[in-house]
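Going down the list, the sequences are from chains A and B. Residue numbering for the first sequence follows the numbering used here, starting at 5 and increasing by one per position. Residue numbering for the second sequence follows the numbering used here, starting at 212 and increasing by one per position.
Derived from the structure by calculation, the hints contain no laboratory data. Incorrect hints may have been included.
With a cut-off of at most 27 Å between alpha-carbon atoms, the simulated DSS-like pairs for lysine-lysine come out as follows [unchecked claim]:
{"#": "1", "chain 1": "A", "residue 1": "Lys281", "chain 2": "A", "residue 2": "Lys446"}
{"#": "2", "chain 1": "A", "residue 1": "Lys428", "chain 2": "A", "residue 2": "Lys287"}
{"#": "3", "chain 1": "B", "residue 1": "Lys214", "chain 2": "A", "residue 2": "Lys428"}
{"#": "4", "chain 1": "A", "residue 1": "Lys491", "chain 2": "B", "residue 2": "Lys214"}
{"#": "5", "chain 1": "A", "residue 1": "Lys292", "chain 2": "A", "residue 2": "Lys281"}
These stretches of chain B come out as covered by chain A in the derived footprint (C-beta under 8 Å, 3 or more residues) [unchecked claim]:
{"#": "6", "stretch": "246-252"}
{"#": "7", "stretch": "258-270"}
{"#": "8", "stretch": "299-305"}
{"#": "9", "stretch": "327-335"}
{"#": "10", "stretch": "339-345"}
{"#": "11", "stretch": "367-377"}
Virtual Cβ for every residue (Gly too), placed ideally from N, Cα, C.
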Amino acid sequence: MLGQALWGFASPTIAVYVLAATLIGIVVGALPGLTATMGVALMTTLTYTMEHNHAILVLICVYVGAIYGGSRSAILLNIPGTPASACSTLDGFPLARQGLAGRAMGISTSGSWLGTLFGTLCVAVLTPVLGDWALSFGSYEFFWIAVFGIVIAGTLSGGDPLKGYIAGFLGLFVATIGQETNHAYPRFAYGSVDLAGGIGLLPALVGAFGVAEVLLVMQGPAFRVVSAKVDSVIPRIGDVLRYWRTILRSGAIGTFIGVMPGLGEDIAAWTSYAAAKRGSKEKEKFGKGSVEGLMSAETGESACVPGAIIPVLSLAVPGSAPAAVLLAAMLIHGMQPGPMIMVNSPTFVYEVVAMLIIADMAKLFYGLTLVRPLLWILLVPRERLMPVVFVLCTVGAYAITSRVFDIYVMLGFGFLGYVLRQLKFPMAPLILGLVLGELLDKNLLRGLSLSGGDPTPFFTRPISAVLATLTIGSFLWSIPAFRNPIKAFVARTMRLPEISPSR
Amino acid sequence: MRKPFARADLVTAAALLAFAAAVLEEAWRMPRFTETGGDVFTAPGIVPGFYAVVIGLLALALAVRALGDGALRRGPAEPDPEATPQSLRRMFMAAGLGLVFIVGLVGAMPFWLAATLYIAAFIIVFEWRPGLSAAARARTLIAPVVIGLATGFAVTVVFEKIFLVQLP
Numbered sequence: 005m006l007g008q009a010l011w012g013f014a015s016p017t018i019a020v021y022v023l024a025a026t027l028i029g030i031v032v033g034a035l036p037g038l039t040a041t042m043g044v045a046l047m048t049t050l051t052y053t054m055e056h057n058h059a060i061l062v063l064i065c066v067y068v069g070a071i072y073g074g075s076r077s078a079i080l081l082n083i084p085g086t087p088a089s090a091c092s093t094l095d096g097f098p099l100a101r102q103g104l105a106g107r108a109m110g111i112s113t114s115g116s117w118l119g120t121l122f123g124t125l126c127v128a129v130l131t132p133v134l135g136d137w138a139l140s141f142g143s144y145e146f147f148w149i150a151v152f153g154i155v156i157a158g159t160l161s162g163g164d165p166l167k168g169y170i171a172g173f174l175g176l177f178v179a180t181i182g183q184e185t186n187h188a189y190p191r192f193a194y195g196s197v198d199l200a201g202g203i204g205l206l207p208a209l210v211g212a213f214g215v216a217e218v219l220l221v222m223q224g225p226a227f228r229v230v231s232a233k234v235d236s237v238i239p240r241i242g243d244v245l246r247y248w249r250t251i252l253r254s255g256a257i258g259t260f261i262g263v264m265p266g267l268g269e270d271i272a273a274w275t276s277y278a279a280a281k282r283g284s285k286e287k288e289k290f291g292k293g294s295v296e297g298l299m300s301a302e303t304g305e306s307a308c309v310p311g312a313i314i315p316v317l318s319l320a321v322p323g324s325a326p327a328a329v330l331l332a333a334m335l336i337h338g339m340q341p342g343p344m345i346m347v348n349s350p351t352f353v354y355e356v357v358a359m360l361i362i363a364d365m366a367k368l369f370y371g372l373t374l375v376r377p378l379l380w381i382l383l384v385p386r387e388r389l390m391p392v393v394f395v396l397c398t399v400g401a402y403a404i405t406s407r408v409f410d411i412y413v414m415l416g417f418g419f420l421g422y423v424l425r426q427l428k429f430p431m432a433p434l435i436l437g438l439v440l441g442e443l444l445d446k447n448l449l450r451g452l453s454l455s456g457g458d459p460t461p462f463f464t465r466p467i468s469a470v471l472a473t474l475t476i477g478s479f480l481w482s483i484p485a486f487r488n489p490i491k492a493f494v495a496r497t498m499r500l501p502e503i504s505p506s507r
Numbered sequence: 212m213r214k215p216f217a218r219a220d221l222v223t224a225a226a227l228l229a230f231a232a233a234v235l236e237e238a239w240r241m242p243r244f245t246e247t248g249g250d251v252f253t254a255p256g257i258v259p260g261f262y263a264v265v266i267g268l269l270a271l272a273l274a275v276r277a278l279g280d281g282a283l284r285r286g287p288a289e290p291d292p293e294a295t296p297q298s299l300r301r302m303f304m305a306a307g308l309g310l311v312f313i314v315g316l317v318g319a320m321p322f323w324l325a326a327t328l329y330i331a332a333f334i335i336v337f338e339w340r341p342g343l344s345a346a347a348r349a350r351t352l353i354a355p356v357v358i359g360l361a362t363g364f365a366v367t368v369v370f371e372k373i374f375l376v377q378l379p
């Protein structure tokens, strides 16, 4: 089936789509302030009229390209192009300062290529298994999947878990605006036809990521390229062979983090980096230009991309913020990802695997060739780039449904996103809340209806019980008053040095 | 010294509590459809009410923590290095120009013209420096207009001619 899927994409038109989309992704990722989520959201509007599998291919190319592109500015500017590549600055920039920018980019290319390939293999193997398992899920389990996504994203998406939970529940609340499914009652519409139609996911995403980022980039300091001279970017086979264990470990970690709802590539990169440092024989080099450190971060973040697509396909739950947009795009194009996907359209899973392989190959091609033009793009001043991005955001928000209201939604979410970020609220749980809102809403009410208002099945059915335990456990673990005594007890029992209490 | 964000967190918590109370009240007032034979557990207010309760509880926790962090303590807080007066002025200028573009220009004229005006104004506002030579001044004015025109036309052609989206 994979061979058929790959053959199905063998046409000159698709080759042009792939090359153009991957290039757009790399440029979006490389430019500080523009993220993969924004790139995928904007391209969703551009691919609206395309055939569904061509559109999804373009979006996957943008996603894969953007996550990789972020490392370019991390290496050359010491500014991560996307949050995912923040970890790559630790060793990428020191390598560039040592005059090894080309080698650093080669390591980034090989690590990223292998990471995506590893994750893609996992998509092929795990999606059908997870899909089959999810067929036994009922309303109670899907309720917990949604809550688990919010809690885990709030806990681990960086910074303050309490603010993460608040952002997640704000996202869930926004998803309730508009007509609900049981009685078509327009909630929080106040007589407005536009509000009764609900808040569109894409305008909200374009606002929260695009407009907010324009404001943050204009507020931040200007960026400057460290060096216009670059040595050879051809990856060294010796680097790959020497660190094969690190590559496999980071690939597995990245994919696993990707599967967890709402975590995303930045957590994957940091976790892979930490694991590589722990297992390395050259710990002292980490942070000073370590090849192994850069390789682990790049492999982890790129393996996370396919990993984040696994729950999209099998559960209709996104593993990361860009994957949330991808899920929305699949729904816009009439696809129905979720537990029934292996029953209703089994070939689609293998088509997505083929798309990931194609995107990975296009990324490798640009990794080896696109060096100097990208340097020129990085030199475009933000004062000239940001108004163009803002215009694209405006058109992107409007294009899907041609409602001017959606432009105001974009603007509102842009300002909200800016304010929330200034107050150190993470954005990933907010977006996840928006995406998972309908799933939670429908399954909470259906579950209560089925049990006649009795909440016990939410806790007593076997899978529900496991999910409830994981969710409540993750929540409690984020509370210092609960976590610190347990850590202290474990440290005493294991005779380890006591870990100092932290928030 | 007061912890950074302690006071901002307290204000945010108060705003969130007020928001949660308003949502809860609105959810309570929503129809339940039981008089038309509907199941009470499909009432439209249940889910938003549930979210309002959770947001309210989380806001309370945020408020308690902010108080513990010295939100009401007098004296200076640790400064936020990201928000200097100059950087905030740049952000407000960008936000203001964006607002003018969407509220004042989009829909009031052809989209390509609105985009051209907005982009040109944005670049000129941020790149204009006093004391420029006549040639530099001309470059500072012409380049933004060219970038604006190119973007306005490209966006209009791509969306209206290729994707058949009638722009506002």
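Evaluation of the provided hints:
Of the supplied pair hints, the one linking Lys281 (chain A) and Lys446 (chain A) is violated, its CA atoms being roughly 44 Å apart against a limit of 27 Å. This hinted pair does not check out: Lys428 (chain A) and Lys287 (chain A) have alpha carbons roughly 32 Å apart, beyond 27 Å. Straight-line distance between C-alpha atoms of Lys214 (chain B) and Lys428 (chain A) comes to about 14 Å, which keeps the hinted pair within the 27 Å bound. Taken as a hint, the Lys491 (chain A) and Lys214 (chain B) pair is honoured in the structure, with Cα atoms around 25 Å apart against an allowance of 27 Å.
Taken as a hint, the Lys292 (chain A) and Lys281 (chain A) pair is honoured in the structure, with Cα atoms around 12 Å apart against an allowance of 27 Å. Using a Cβ-Cβ cut-off of 8 Å, 4 residues of the stretch 246-252 of chain B lie near chain A, which meets the minimum of three, so the contact claim holds. Look at the stretch 258-270 of chain B against chain A: 9 of its residues bring a Cβ nearer than 8 Å to a Cβ of that chain, three or more, so the hint holds. Using a Cβ-Cβ cut-off of 8 Å, 5 residues of the stretch 299-305 of chain B lie near chain A, which meets the minimum of three, so the contact claim holds.
Coverage of the stretch 327-335 of chain B by chain A holds. Counting CB-CB distances below 8 Å, 4 residues qualify, and the rule asks for three or more. Three residues within the 8 Å Cβ limit are the bar, and the stretch 339-345 of chain B against chain A gives 0, so the coverage statement is violated. Coverage of a stretch by a chain is defined here by at least three residues with a beta carbon nearer than 8 Å to that chain's beta carbons; for the stretch 367-377 of chain B and chain A the count is 6, and the condition holds.
Hint check: violations occur at hints 1, 2, 10; the rest are consistent with the structure.
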